[in-house]
Structure formats: C-alpha cells, structure tokens
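Student: Residue numbers (my numbering), protein chains in the order written: chain A, 1 to 82; chain B, 1 to 147.
I should point out that these hints are in silico values taken from the structure, not numbers from a laboratory. Among these hints, one or two may not hold up.
Here are the simulated SDA-like cross-link-like pairs (lysine to any residue), alpha carbons at most 20 Å apart as the crow flies [unchecked claim]:
1. Lys36/A / Ile21/A
2. Lys58/B / Glu34/A
3. Lys124/B / Ile21/A
4. Lys58/B / Val70/A
5. Lys58/B / Gly15/A
Given the structure is predicted, the values throughout are model-derived calculations rather than measurements.
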Amino acid sequence: MIDVMYFAWVRERIGLPREQIETSAGTVAELVEELKAREDRYAAAFADTTALRVALDQELSDFSAPLDGVREVAFFPPMTGG
Amino acid sequence: MTVRVQEAPFDLGAEVSQFTNTSHDVGAVVTFTGIVRDLTTRDLAVMEIEHYPGMTEKALQKIVDQANERWSLADVLVIHRYGKMAPGDQIMMVATASAHRQDAFEAAQFLMDYLKSRAPFWKKEITQDGETWVESKAQDEDALSRW
C-alpha cells in the first residue's frame with residue numbers, strides 16, 4: 001500500500017486530499033496511468049503532467065522515478081510560495 | 001536558524017527586534033516581508049494558502065541549509081503562514097544576519113527565490129466572482145538559474 005496525496009487544484013479535481021492505493025506500478029508515470037484509467041476525475045487531473053509536480057516521501061522528484069520503497073507520493077501544481 | 005510554518009499572524013517588529021538582539025558579532029540584518037496584495041482586477045477578499053505539512057518544513061530547512069553553505073551567516077529566520085489572509089496581511093518573512101551586509105543581502109534573495117518555487121505552498125485568490133489558484137510564473141523558475 002502506498003499513500004497518495006493531492007494538493008491545490010489536483011486535490012479539488014480528484015475530490016479528496018489523500019488515499020491509500022494498492023499498486024504494482026514501478027514508476028510514478030505508471031502510477032499516473034493506473035490512476036487515469038480509474039475514473040474521469042483522475043484523467044482530468046492528470047491530463048497534462050507537465051503542469052504537475054511530484055514528491056516522493058516529501059522530496060521533489062520526477063515522473064520517471066521508481067516507486068521502490070516509497071511510502072508517500074504527492075501530486076501538486078507548481079508551487080507558489082513567498 | 002529557525003523555520004516556522006504557522007497559521008497565526010506574526011509580529012514583524014518583535015520578530016526582527018528579537019532576531020537582531022541575539023548575537024554581538026552581527027553587523028548586518030536583512031529582512032524581507034511578503035504581503036497579500038490584490039492582483040485581481042476585481043476585489044480580492046481572501047488569499048488562502050495551502051501547504052504540505054511535513055514536506056514544507058523539510059523543504060524550507062533544506063533551503064536554509066543551502067544558504068548557510070554558500071554564505072557566512074550568523075542566523076536565519078523564516079516564517080511562512082498558511083490558511084486565510086486578507087489584502088495587506090503579512091504572509092511570510094525572511095531575516096538573515098551576517099557580519100557584513102553582502103552575505104545577508106544575497107542570502108535573503110536566494111532564500112526568497114528558492115522559497116517561491118521549491119517550498120510546497122499554493123496560493124488561492126478568493127473574490128466575489130469565485131476562486132482562482134495563483135499560477136506559478138516562468139520568471140520565478142528562471143530566477144533560480146542565477147544561483
């Protein structure tokens with residue numbers, strides 16, 4: 001099981017802040033494909049992954065990164081702090 | 001070195017005063033304060049900031065650590081708020097202390113440039129007409145290349 005978290009408009013589009021997912025995806029990109037195949041709201045949120053960022057265990061990463069040993073995956077738009 | 005992520009407002013004067021008084025080998029203190037401004041053509045009622053608890057603190061600490069490695073700093077303070085704020089409210093502040101001003105100035109700019117696009121905060125503007133997520137700007141990403 002892996003914790004998947006969504007922030008900002010990704011959270012709003014999918015309709016929940018976090019969920020636990022049973023997955024055999026080897027990479028972030030494979031996980032995204034699994035999620036997109038689930039329901040329209042996921043397909044809408046992940047339509048353009050160039051508009052998204054991903055963090056693995058709270059460190060910024062990228063969509064080609066492996067999920068081996070990762071406990072927490074977070075998807076969000078580019079950050080707007082400051 | 002202090003990083004604080006909080007919902008409550010902070011007292012800028014008290015923070016800077018305390019920050020300035022803690023060391024005697026400091027010749028320069030630079031502070032930056034971010035304030036909610038009305039970027040919309042309509043009336044901005046509320047700015048709401050979401051963040052990623054846990055990652056936010058780690059990301060800010062990492063940025064502070066990088067600043068420490070690059071410049072000779074006696075102290076750093078970063079405070080960033082989340083939740084709902086009104087135009088004119090203080091969103092965040094950065095303070096840097098060093099023996100000479102160049103380190104404090106450059107480190108403060110570095111901290112701000114990285115904090116804008118590497119710390120997991122997201123701003124949403126709420127007006128009478130609805131809600132809009134603030135989009136990141138290409139220039140924010142470009143700003144990192146100078147470091």
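Student: Mind listing which of the numbered hints don't hold for this structure, in increasing order?
Tutor: Structure breaks hints 2, 3, 5.
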